[in-house]
Amino acid sequence: MRQLGWGLGILLGGLLVGLLTMPEWLPGVIHRQAQHWAEETHHRLEIGSLKVEIFPFRVQVHGVRLYEADGQTLVLGLEDLEASLALHSGLRLLPVIDELTLTHPVVHLVRNPAGEWNLASLAGPSSGGGFPFVVEKVRILRGEGSVWDQGSDTHHDIRNLQFHLPQLFSRLRDKDSWLSPSLHAEVDGASLDLKARIRPFSSELRGEGDLSVQGLDLAPWIPSCSVSPGALTTHFAFWGPNWGALQRELSGLRLSVPQIKGRVAGLEILLQDVQLSAPSVRYDGGAVNFGVIHLMGHDGQIRPVGVSEAAFPPLPLSKLEGTVEKLAWPVSVRTPLPLSLTLQVGAQGRLQVAGPVDLRAQGAHLTVHAQHLDLRPVQPWLARYAQVRLESGQLSLEGVLDGSFSSPQVWQVRYRGQAQADELAVREGRRGQWLWRSKTLFTQGEATLNPLRLRLDQVALSDFYVRLHLLPDATLNWVNLLNPLPVSSPSPSVPKSAGSSPPESSSVVAQAAVVIRKVTLQGGTIHYRDDYVHPPYKANLTRLGGKIEGLSSAENTTARLELRGRVHDAPLLSEGQINPLAQNLFLDMTAQVTGMDLMQFSPYSGKYVGYDIERGKLSFDAHYSVRNHDLQATNHLVLNELTFGKPVASPGITHFPVALAVSLLQDPQGRIMVNLPIAGSLDDPQFSVGGVLARTLVQVLEKAVESIFVH
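The sequence shown begins at 1 in our numbering and counts up by one.
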């Protein structure tokens with residue numbers, strides 16, 4: 001019995017001596033074991049200092065550095081580690097650490113192209129056991145690190161990591177308890193905050209928490225735009241039998257972006273305070289289902305690129321709202337994505353777009369409803385094709401837009417429905433003169449891009465003004481406005497078979513690029529000026545109204561024209577068959593004018609016969625025919641009460657005996673009747689209908705003078 005007592009005493013004494021001398025021998029043991037572990041994992045380990053205290057029991061480690069096998073590449077670093085053991089650990093029969101603090105840890109993670117991480121070799125094989133422990137408080141202060149994925153060559157930088165965990169315990173102690181970590185870090189310059197609740201050791205893993213990211217860099221996701229850093233907030237949850245078979249869900253996901261700026265089709269678009277939200281996002285089996293995504297934008301503006309704000313003030317955008325449904329990743333091409341978008345443009349403009357986007361067919365079928373959209377932002381696009389300046393215009397749409405985009409070279413856009421342009425005003429780009437003004441331009445039909453086709457059932461134009469100007473070189477001002485198109489190589493011709501026959505008229509119309517079934521005109525004004533003759537001839541056609549039916553760009557088709565109005569306040573009636581859209585102009589028309597004042601022709605009479613016109617009226621019936629660029633016309637003119645005034649005093653002017661000539665030509669009712677045929681080629685640059693008509697009066701007077709000597 002006495003020997004047993006001596007044995008226990010020696011044992012307790014040895015334990016006491018070992019405990020009291022622990023600060024001397026334990027650091028060496030830990031250091032040797034750590035170095036042995038580093039050698040086995042092919043790393044180089046440096047430990048600056050290791051200190052152990054007994055009362056209270058505390059371990060302090062300073063200056064830890066773990067390098068790759070080359071001895072230069074840092075993998076892990078730690079400025080300080082401090083752990084203190086609770087005094088009641090013995091009573092609880094398991095180690096209880098009051099506090100574990102890691103100060104300024106540094107971790108550099110690298111994933112090679114094969115998908116292996118550089119830290120994978122540090123973890124030894126799992127024994128499947130373990131021992132129970134409790135850590136009452138875990139803190140990480142001023143952590144930092146980096147992540148480099150060599151496969152995608154992406155880098156992520158982590159700074160100022162702060163981690164707090166109120167309690168950490170092992171699997172063997174309490175399988176149904178919750179862990180509540182919180183974390184703050186700066187990742188790639190963005191501030192990240194995380195608060196969570198996790199039950200990692202139960203039969204079913206569960207966790208939930210809140211994530212907030214401020215200053216999120218979105219530029220890599222939208223490379224074509226300038227995007228300011230955004231903010232992301234969400235609540236997350238996950239559950240599953242193990243870590244490899246988790247289901248994940250985000251709820252209340254919201255991404256806020258202060259500003260997005262980009263360029264589309266020559267327009268600079270700025271959106272401010274943009275918010276993207278999703279009520280529920282689920283991840284299951286490698287697939288992400290976003291459900292419904294909502295888009296909101298409060299303010300913005302749109303303006304043409306390269307145009308000063310003084311020339312074109314930015315057009316405000318507001319009340320942007322949109323939704324996308326059934327969006328998933330990887331993208332499912334089987335299910336079309338319902339899309340809706342509304343936007344206010346300017347003070348009055350409103351745009352609504354809704355419909356499915358078919359990812360399999362790479363197209364969309366969208367219903368478009370637009371009201372009073374300002375057309376001025378399309379000026380840069382319009383300037384590429386014509387030298388014009390769009391001063392004003394508002395567009396309203398009600399129809400369906402279909403688009404398919406197989407590739408940048410293979411695409412097509414088609415619009416079917418109604419379109420109306422109000423208060424449309426266009427000037428010439430160089431001279432700044434008015435070219436077109438209209439109160440209302442309404443169309444109904446179908447328009448296609450690539451190839452360009454136009455099928456309109458109805459066009460209605462009201463209260464319009466058009467300026468036509470025949471320039472001194474005998475070209476029309478509208479023709480000179482078009483910019484030259486790039487020259488394309490001619491496509492090889494396909495030889496016709498011997499038995500082939502010309503297509504029927506109906507099929508020709510169906511294949512034509514432009515078909516307009518009916519055009520209605522009301523309240524129009526055309527200002528015409530002919531600078532090919534001297535002095536220039538001017539004519540104002542007012543109160544124009546009528547219709548054109550069956551207009552087509554197909555050859556061998558004609559349209560019916562009926563037009564009424566006034567020319568220099570004299571009644572005008574014109575009707576016939578035309579085809580101005582075909583390559584070979586066709587025209588077969590009659591025109592009647594009754595009682596037009598002749599005083600407007602005084603500049604011509606003064607130049608050619610030496611006298612001004614004091615009074616007189618002109619009426620005529622004309623028939624014009626154009627086929628294969630050849631003009632044939634007959635004009636039956638009636639001059640009533642033609643009276644010349646004073647002679648014009650100007651050198652080089654021949655003064656005809658006009659009074660005698662008029663008296664010889666007039667019938668008892670004071671009328672002079674003239675039949676004037678006109679013929680010529682429209683391809684002849686010296687040919688001008690205006691010039692022929694202007695010299696008609698001279699020919700009439702010459703014949704009258706000649707008749708005196710004949711008799």
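Hints in this document: simulated from the structure, not taken from any laboratory.
Do not rely on the hints blindly, as some may be mistaken.
Unchecked claim - Straight-line Cα separation of at most 25 Å, DSS-like style, residue types lysine-lysine; simulated pairs: (1) 137 / 195; (2) 617 / 646; (3) 617 / 518; (4) 175 / 195; (5) 617 / 538; (6) 646 / 607; (7) 538 / 518; (8) 547 / 607; (9) 518 / 646; (10) 175 / 51; (11) 607 / 617; (12) 261 / 175; (13) 319 / 439; (14) 607 / 439.
To be verified - Computed Cβ-Cβ distance ranges for the label pairs, DEER-style: (15) 62 / 155: 26 to 32 Å; (16) 264 / 180: 36 to 42 Å; (17) 157 / 200: 27 to 33 Å; (18) 262 / 542: 44 to 50 Å; (19) 176 / 62: 35 to 41 Å; (20) 588 / 483: 29 to 35 Å; (21) 555 / 316: 47 to 53 Å; (22) 201 / 413: 56 to 62 Å; (23) 210 / 176: 41 to 47 Å; (24) 449 / 262: 19 to 25 Å; (25) 176 / 400: 56 to 62 Å.
All C-beta atoms in this analysis are idealised placements derived from N, C-alpha and C, irrespective of residue type, glycine included.
(request) Of all the hints given earlier, name the ones this structure violates by number, lowest first. (result) Structure breaks hints 3, 7, 8, 9, 10, 12, 13, 14, 16 and 23.
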